[in-house]
Amino acid sequence: MAIKQTLKSKLQKELAQLKQLADKQSHMYVSSRNMLYEGLAKVYLWWQEANKEKGLLEKLYKENGIQYKKEIKADENYSPLLRYLWGMDGTVNSNTIDLWNRALNKVNAAINADKVFYKQNTIQKIITFIDTKGGIRGLAAYDSTQVDVAKEPKLKKTKIDVNVEKKRHEEHLAKGNVYYATNATPIAKFTTKHSLPTADSSIGLGLFRKTKSGYELLKAIDDKALIEQALIGSYARSTDSVPYTVRLITEIIATQTVPKPLQSLSRSLADKSKFKSADGTAMMMLKRLLYMAEKRVFVLSANRSACSPVTIAMPNKQIIDSKQSVALNINDRTYIENSLIHSGDLNFYTTDTPTKVLAIKGEAATHKLELENTITKKYRYVRFYPLTIHKSEASKQQAILKRGMKFKAVHTAKLDTNWLAELNGEFLSRWVNGLGKSIKRKEYAVIALAFGKSGITFKFCQRANTYVEEELIKYTHASNAKAITVEALAKDIIPILNSLVYSDLVGGVTVEVDSKGIFFKYKTKSAEYIVAVPTTNSKGIRNEDYFQAYGA
Numbered sequence: 114m115a116i117k118q119t120l121k122s123k124l125q126k127e128l129a130q131l132k133q134l135a136d137k138q139s140h141m142y143v144s145s146r147n148m149l150y151e152g153l154a155k156v157y158l159w160w161q162e163a164n165k166e167k168g169l170l171e172k173l174y175k176e177n178g179i180q181y182k183k184e185i186k187a188d189e190n191y192s193p194l195l196r197y198l199w200g201m202d203g204t205v206n207s208n209t210i211d212l213w214n215r216a217l218n219k220v221n222a223a224i225n226a227d228k229v230f231y232k233q234n235t236i237q238k239i240i241t242f243i244d245t246k247g248g249i250r251g252l253a254a255y256d257s258t259q260v261d262v263a264k265e266p267k268l269k270k271t272k273i274d275v276n277v278e279k280k281r282h283e284e285h286l287a288k289g290n291v292y293y294a295t296n297a298t299p300i301a302k303f304t305t306k307h308s309l310p311t312a313d314s315s316i317g318l319g320l321f322r323k324t325k326s327g328y329e330l331l332k333a334i335d336d337k338a339l340i341e342q343a344l345i346g347s348y349a350r351s352t353d354s355v356p357y358t359v360r361l362i363t364e365i366i367a368t369q370t371v372p373k374p375l376q377s378l379s380r381s382l383a384d385k386s387k388f389k390s391a392d393g394t395a396m397m398m399l400k401r402l403l404y405m406a407e408k409r410v411f412v413l414s415a416n417r418s419a420c421s422p423v424t425i426a427m428p429n430k431q432i433i434d435s436k437q438s439v440a441l442n443i444n445d446r447t448y449i450e451n452s453l454i455h456s457g458d459l460n461f462y463t464t465d466t467p468t469k470v471l472a473i474k475g476e477a478a479t480h481k482l483e484l485e486n487t488i489t490k491k492y493r494y495v496r497f498y499p500l501t502i503h504k505s506e507a508s509k510q511q512a513i514l515k516r517g518m519k520f521k522a523v524h525t526a527k528l529d530t531n532w533l534a535e536l537n538g539e540f541l542s543r544w545v546n547g548l549g550k551s552i553k554r555k556e557y558a559v560i561a562l563a564f565g566k567s568g569i570t571f572k573f574c575q576r577a578n579t580y581v582e583e584e585l586i587k588y589t590h591a592s593n594a595k596a597i598t599v600e601a602l603a604k605d606i607i608p609i610l611n612s613l614v615y616s617d618l619v620g621g622v623t624v625e626v627d628s629k630g631i632f633f634k635y636k637t638k639s640a641e642y643i644v645a646v647p648t649t650n651s652k653g654i655r656n657e658d659y660f661q662a663y664g665a
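Start counting the sequence shown at 114; every next residue gets the next number (this note's numbering).
Simulated from the structure, these hints should not be mistaken for laboratory data. Incorrect hints may appear among the rest.
Stated by the list, open to error - As a list, the in silico BS3-like pairs of lysine-lysine whose alpha-carbon atoms are at most 25 Å apart:
#, residue 1, residue 2
1, K474, K126
2, K638, K481
3, K165, K232
4, K515, K436
5, K280, K302
6, K228, K165
7, K490, K123
8, K634, K527
9, K264, K123
10, K280, K491
11, K385, K553
12, K373, K555
13, K553, K652
14, K280, K337
15, K373, K521
16, K155, K504
17, K325, K337
18, K638, K521
19, K490, K280
20, K219, K264
21, K629, K587
Stated by the list, open to error - Computed Cβ-Cβ distance ranges for the label pairs, DEER-style:
#, residue 1, residue 2, range
22, S377, Q233, 35 to 43 Å
23, T579, Q342, 38 to 46 Å
24, E539, D336, 22 to 30 Å
25, T530, I316, 21 to 29 Å
26, V277, T468, 24 to 32 Å
27, A594, S315, 55 to 63 Å
28, T468, N206, 43 to 51 Å
Ideal placement from N, C-alpha and C gives every residue a C-beta, glycine not left out.
Make a model of the complete structure from these sequences and hints.
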């Protein structure tokens with residue numbers, strides 16, 4: 114028995130070493146790939162000059178026995194020079210040479226389309242062009258290892274392993290049953306003369322209707338599959354067992370993650386920045402998680418921006434030791450949104466570094482964290498990079514609260530869990546599942562919030578510059594503060610309100626507002642938070658008074 118245990122321990126240790134080796138190889142590949150981009154950029158520029166000298170290239174090819182087609186489909190033929198530099202010893206095959214040739218033709222087309230842009234800092238701009246277009250293969254594909262991305266990565270559909278999905282379903286169902294059997298607090302209690310079906314357990318599912326005087330239960334459902342679906346989708350996930358590093362990072366990102374029903378729209382909600390990528394298209398403002406070393410806080414906000422919603426998280430315990438500010442790879446942030454938050458699988462994740470994000474050497478990244486799903490056994494390393502890694506100055510920038518800003522709240526109120534539950538039931542859930550899919554339409558893009566003595570009235574759906582729908586969510590305890598009405602972008606305020614509903618709060622939420630900004634302040638078991646939302650005018654133009662660009 115002892116021998117078997119020793120062997121098992123040895124194999125587990127070797128497996129962990131193999132994971133580290135595979136990860137290191139992957140990022141050595143990335144470093145090598147960047148060197149290839151630089152090499153191809155320099156080859157392109159050398160070829161441009163050499164091609165002006167009549168007969169120079171032809172002589173080089175003839176002396177080295179390089180045969181090539183003079184008539185090809187591409188505009189230019191870089192293949193003979195590429196073969197001379199890389200393929201003479203057979204280490205790079207003809208298919209790869211052809212791939213590089215086609216890539217350089219796309220570089221050539223981009224430069225000819227905007228010669229003024231490429232006149233200065235040409236090599237770096239060519240490298241950026243190749244990188245932002247997804248690399249050599251097609252110059253358009255998604256690449257999870259890119260750091261300075263211009264657009265939000267597309268949501269990839271992954272092949273589902275039936276057995277793994279079954280195990281995942283069973284684990285969620287077991288946790289849902291335990292939660293509703295032992296931990297859930299009833300919203301309301303009632304008795305009835307009729308027996309209500311509950312399938313093969315004490316849990317049932319009901320259809321109810323809202324009326325002017327309350328609610329009516331219309332039907333009790335005993336469909337086991339529907340009951341299981343409801344259990345899995347609605348039980349409160351406990352994150353107590355999730356390692357602190359994973360829980361904190363995920364919790365911060367969740368403060369601005371769109372509700373799950375709007376997941377497919379997330380990519381399209383990013384704003385265009387004033388900065389251009391190498392091919393002349395606008396670079397997007399993408400949410401980025403920054404560790405601000407000088408203040409030892411985390412900031413989640415849009416990069417390439419001077420104004421956006423800003424989350425400031427002051428951790429209970431520090432998880433990154435760094436004297437320079439570092440930022441989570443944007444592709445890793447979207448991975449966490451999709452795989453840990455929207456999936457509902459956060460409570461299945463673990464890591465081998467539960468208290469600190471591992472500092473690393475020999476890579477462009479400075480810190481990395483392993484995330485492993487204990488059900489699927491799939492893992493991924495997410496990385497933090499110094500801002501100097503970004504190729505464009507624009508990408509180093511990120512929205513933060515303005516230093517020395519003078520904010521004096523016009524209205525202050527306390528939002529407790531009862532108010533948040535009422536918010537979700539009376540407004541938020543209905544808005545997300547009803548109007549949410551139309552969030553980009555002009556009439557739904559802006560929401561007005563009227564802060565009054567009795568509560569907050571949410572006004573939405575503009576018709577002829579007038580809000581035609583509204584919902585009052587009354588405070589648990591009335592406020593004596595001065596009334597004020599402000600407007601905010603729906604894509605700014607809805608994700609934040611949604612996160613508050615599902616946050617593991619310690620105490621309630623304090624909301625402070627004036628004409629220029631809305632500030633939510635609260636605590637969780639992991640950190641203390643300030644989430645700032647810029648107000649807008651009725652056309653959705655953000656008020657920038659309290660915000661500025663960090664890293665500019």
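Q: If any of the earlier hints don't hold here, list their numbers in rising order.
A: Per hint list: 5, 9, 15, 17, 18 and 27 violated.
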